[in-house]
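With the hints as constraints, model all of the structure from the sequences given.
Residue numbers (this note's numbering), protein chains in the order written: chain A, 1 to 246; chain B, 1 to 209.
Simulated from the structure, these hints should not be mistaken for laboratory data. Glycine included, C-beta positions come from ideal geometry on N, C-alpha and C. There could be a bad hint or two in this list.
Stated by the list, open to error - Under the rule of at most 30 Å between Cα atoms (straight-line distance), these lysine-lysine pairs were calculated in the DSS-like manner:
1. A:K49 - B:K104
2. A:K88 - B:K104
3. A:K28 - B:K116
4. B:K146 - B:K196
5. B:K138 - B:K200
6. B:K146 - A:K107
7. A:K26 - A:K49
8. B:K116 - A:K23
9. B:K104 - A:K26
10. B:K49 - A:K121
11. B:K138 - A:K107
12. B:K37 - A:K121
13. A:K88 - A:K23
Stated by the list, open to error - Ranges of calculated distance between the beta carbons of each label pair, as one might list FRET restraints:
14. A:K26 - B:A198: 31 to 41 Å
15. A:R221 - B:G155: 27 to 37 Å
16. A:S64 - B:Q100: 29 to 39 Å
17. A:S64 - B:D63: 50 to 60 Å
Unchecked claim - Partner residues aside, some chain B positions facing chain A, computed with beta carbon under 7 Å:
18. Q79
19. G81
20. T87
21. L90
22. K104
23. G105
24. L107
25. E108
26. S111
27. I112
28. R128
29. G129
30. V130
31. N182
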Amino acid sequence: MESLNINITNFEGPFDLLLHLLKVNKMKIQEIRISEITSQYLLYLHSMKELDLEIASEFLLMASTLLEIKSREMLPKHKEEVDEEELKEKLVLRIEEYEAFKIIAEKIGERFRNDLFIFTKRAETIIQDEVPLDKLLQGVTMDSLYLTYKSLMNRQKEKVNRSFVRTRTMEREEYRIEDKMEDLERILAGRSTFSFSDLLTGMKSKAERIVLFLAILELSRNRRIRVSQEDVFSEIIIEKGVEDGR
Amino acid sequence: MEDKLYTVLEMEGLFELEPYVSALESILFAAGEAVRKKDLMRILSLREKDLDEVIAAYQEELDHGRRGIRLLILENRIQLGTKECNTHYLKELLGVNDRQSLSKGALECLSIIAFKQPVTRVDIDEIRGVNSDYVIQKLQEKGLIKVVGRKDAPGRPKLYGTTDDFLIQFGFSSIREMRDGNEIPERILEMDLKKKEAEKEDIELFEEE
Numbered sequence: 001m002e003s004l005n006i007n008i009t010n011f012e013g014p015f016d017l018l019l020h021l022l023k024v025n026k027m028k029i030q031e032i033r034i035s036e037i038t039s040q041y042l043l044y045l046h047s048m049k050e051l052d053l054e055i056a057s058e059f060l061l062m063a064s065t066l067l068e069i070k071s072r073e074m075l076p077k078h079k080e081e082v083d084e085e086e087l088k089e090k091l092v093l094r095i096e097e098y099e100a101f102k103i104i105a106e107k108i109g110e111r112f113r114n115d116l117f118i119f120t121k122r123a124e125t126i127i128q129d130e131v132p133l134d135k136l137l138q139g140v141t142m143d144s145l146y147l148t149y150k151s152l153m154n155r156q157k158e159k160v161n162r163s164f165v166r167t168r169t170m171e172r173e174e175y176r177i178e179d180k181m182e183d184l185e186r187i188l189a190g191r192s193t194f195s196f197s198d199l200l201t202g203m204k205s206k207a208e209r210i211v212l213f214l215a216i217l218e219l220s221r222n223r224r225i226r227v228s229q230e231d232v233f234s235e236i237i238i239e240k241g242v243e244d245g246r
Numbered sequence: 001m002e003d004k005l006y007t008v009l010e011m012e013g014l015f016e017l018e019p020y021v022s023a024l025e026s027i028l029f030a031a032g033e034a035v036r037k038k039d040l041m042r043i044l045s046l047r048e049k050d051l052d053e054v055i056a057a058y059q060e061e062l063d064h065g066r067r068g069i070r071l072l073i074l075e076n077r078i079q080l081g082t083k084e085c086n087t088h089y090l091k092e093l094l095g096v097n098d099r100q101s102l103s104k105g106a107l108e109c110l111s112i113i114a115f116k117q118p119v120t121r122v123d124i125d126e127i128r129g130v131n132s133d134y135v136i137q138k139l140q141e142k143g144l145i146k147v148v149g150r151k152d153a154p155g156r157p158k159l160y161g162t163t164d165d166f167l168i169q170f171g172f173s174s175i176r177e178m179r180d181g182n183e184i185p186e187r188i189l190e191m192d193l194k195k196k197e198a199e200k201e202d203i204e205l206f207e208e209e
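Structure (structure tokens):
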């Protein structure tokens, strides 16, 4: 293949590059010859790499799409859900759509550069006479003022959070998943099933419950126990795992 | 209360346009900013059809007369603006600097939003083949686009649309005018319509003020 003289211009994205390659090759979008374009596209990416330019992931994504279509074209046809024609058609559509917007962008860009301003006037400020005080206070009584004040103060009071004032002792919590796992297995040695909520009742703190739950997850992952539930939010039943039965 | 200055001739399809055109001009001049068609209908007590006729007559007069004012029809609002051809003098008068140009990417993004609005960032990315985060942010800062709603999809993504300022700065009187001047292949438009139809219920637009 003749060496392509690639002009490293700034491409807006993979579609921009594809359009450029199509133009260089005088190919219409609909008549895109994937294998040719793919090798040129990759060549371009290589030259970018040589120049130590960072290749944006979008360009790599496009490369993989091109390669996929190309390789499918080369392989004997299988009965597959998507054939390469479909993929190609999709790609063609996307290039066309990008091209349409690229052209529009150029056109409106020209309009913008032409610097054709349209000036508009600010909204008119119409000065209004101040409302006299007696009109402003019309219908306001001492009573209604008091009630308004009261309800405002109440609203403010309700906003204040007093709950943290209560003193509480925090117990130091020390639970380990390993211990809980052992506990669980010990219980299971005695009986074949039990429910999750039964276990919870004996727990002292939230932390202990969480550790217990984690222990259950861990055991079920190791298939030491089996966990089942009939419905969402219904009781969780814990049984001995299959491993013991082997 | 004053008497109504003008009365509508109730004869079907026949009413005196001139007084309304005159009233419309005064209203738009006094308002300065864009006036909603809904408000104009109320103020002039006109039906939409008749108001459209009045607007069309006024626009005709402005466009073809030797006037320096043009009508901006910003979707459902109307505003007066200066004619583009006089930009040079106005810049001299107001001492406006040349504006910063927009990048290729920004213009692409803007075109897509103008055509497809309301549209999500993901949709824009899809078309451009690159991430548009930065460009969208810049366009928003420049006041050319704005968030117009949210899509009822995972993450409730923002929906973008163009602003009045976009129309004014690019010298379009409406989005339709912009679309008419820039053709998009039929195939793509059809595809788009189908997509829009399918997603109609997921689009939540913010109420306009």
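Hint-by-hint comparison with the structure:
{"no.": "1", "hint": "A:K49 - B:K104", "verdict": "holds (24 Å)"}
{"no.": "2", "hint": "A:K88 - B:K104", "verdict": "holds (27 Å)"}
{"no.": "3", "hint": "A:K28 - B:K116", "verdict": "holds (25 Å)"}
{"no.": "4", "hint": "B:K146 - B:K196", "verdict": "holds (20 Å)"}
{"no.": "5", "hint": "B:K138 - B:K200", "verdict": "holds (28 Å)"}
{"no.": "6", "hint": "B:K146 - A:K107", "verdict": "holds (22 Å)"}
{"no.": "7", "hint": "A:K26 - A:K49", "verdict": "holds (26 Å)"}
{"no.": "8", "hint": "B:K116 - A:K23", "verdict": "holds (27 Å)"}
{"no.": "9", "hint": "B:K104 - A:K26", "verdict": "holds (23 Å)"}
{"no.": "10", "hint": "B:K49 - A:K121", "verdict": "holds (27 Å)"}
{"no.": "11", "hint": "B:K138 - A:K107", "verdict": "holds (20 Å)"}
{"no.": "12", "hint": "B:K37 - A:K121", "verdict": "holds (18 Å)"}
{"no.": "13", "hint": "A:K88 - A:K23", "verdict": "holds (18 Å)"}
{"no.": "14", "hint": "A:K26 - B:A198: 31 to 41 Å", "verdict": "holds (38 Å)"}
{"no.": "15", "hint": "A:R221 - B:G155: 27 to 37 Å", "verdict": "holds (30 Å)"}
{"no.": "16", "hint": "A:S64 - B:Q100: 29 to 39 Å", "verdict": "holds (37 Å)"}
{"no.": "17", "hint": "A:S64 - B:D63: 50 to 60 Å", "verdict": "holds (53 Å)"}
{"no.": "18", "hint": "Q79", "verdict": "holds (6 Å)"}
{"no.": "19", "hint": "G81", "verdict": "holds (4 Å)"}
{"no.": "20", "hint": "T87", "verdict": "holds (5 Å)"}
{"no.": "21", "hint": "L90", "verdict": "holds (6 Å)"}
{"no.": "22", "hint": "K104", "verdict": "holds (6 Å)"}
{"no.": "23", "hint": "G105", "verdict": "holds (6 Å)"}
{"no.": "24", "hint": "L107", "verdict": "holds (4 Å)"}
{"no.": "25", "hint": "E108", "verdict": "holds (4 Å)"}
{"no.": "26", "hint": "S111", "verdict": "holds (4 Å)"}
{"no.": "27", "hint": "I112", "verdict": "holds (5 Å)"}
{"no.": "28", "hint": "R128", "verdict": "holds (6 Å)"}
{"no.": "29", "hint": "G129", "verdict": "holds (4 Å)"}
{"no.": "30", "hint": "V130", "verdict": "holds (4 Å)"}
{"no.": "31", "hint": "N182", "verdict": "holds (4 Å)"}
Of the hints listed earlier, there is not a single one the structure fails to meet.
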